[in-house]
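Q: Sequence:
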Amino acid sequence: MSDQTDRLLKIMARLRDPETGCEWDTAQSFATIAPYTIEEAYEVADAIERADMDELRGELGDLLFQVVFHARMAEESGAFRYEDVARDISDKMVARHPHIFGDEGGVMEDRRWEDLKAAERAASGATSSMDGVAKALPALLRSHKLQKRAARVGFEWPDVEGPIAKLQEEIEELDQAKTDEDRLMEAGDVLFAAVNIVRRYGVDPEQALRASNAKFERRFREMEKIAASEQEDFSRLDLDSQEEYWQRAKREIG
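Under the numbering used here, the residues of the sequence shown are numbered 3 to 256, in order.
Any given hint might turn out to be false.
Stated by the list, open to error - Only pairs whose alpha carbons sit at most 25 Å apart, straight line, appear in this in silico BS3-like list of lysine-lysine:
hint, residue 1, residue 2
1, Lys137, Lys147
2, Lys180, Lys150
3, Lys227, Lys217
4, Lys217, Lys180
Stated by the list, open to error - Simulated DEER-style distance windows between Cβ atoms:
hint, residue 1, residue 2, range
5, Asp90, Arg250, 49 to 59 Å
6, Leu66, Trp26, 54 to 64 Å
7, Ile173, Glu232, 17 to 27 Å
8, Leu66, Thr28, 30 to 40 Å
9, Pro37, Val87, 15 to 25 Å
10, Arg52, Gly204, 18 to 28 Å
Honestly, the hints are just simulated from the structure, not real lab data. We put the CB at the ideal spot given by N, CA and C, even for glycine.
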């Protein structure tokens, strides 16, 4: 274990000391810390998207601290230690890369990778193809993973025309929904069907939507900037005028 890793573990132990530790840190549990863990992972992704290496170094440290925090609480309860976490992931990576660490050779194709993970799930007692898809994942990402699992066992349209027709069907059902509950369910079906189409084109829906969010925000800010430069209050313009600014923004920045 490196000196800095050992130092971090000792800092965490000190913070969690029931007599001399930090009041906030000692009051936490797995459940209260979990939201921070998710938040830190998103901040890592944000730093990567902005290509800010200094920020990424800091955010990776914050994420590592979350791992150490959870491991410390587990050690206190006698469940496992940080070293067990590191050993388990090392063992898993070696097992999942027999072409690197074993004698199999060859290339790790997607099917081979999925077969290895499926064998792991079976060994852990999984009884369904849906087992192991974390419920805490962002809904868009989870729908993608559920659909990939279903496709692996043949529950899949033969071509993209099937998902496209399904999306059209779901949109019609949303339009015809009468209650708030029905609209909620039908709206979810629309999004689920859209994810299926995107997946069939080999596109990650989470990345695609993040890119579209960024594009929309960039264009909207530019649209407001152009309007302000012409002494126009964008919020008071009618929709046709706003659309003109939108088209101008698209021409200016793409």
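Q: Of the hints stated earlier, which fail here?
A: Hints 2, 4, 6, 7, 8 contradicted; others consistent.
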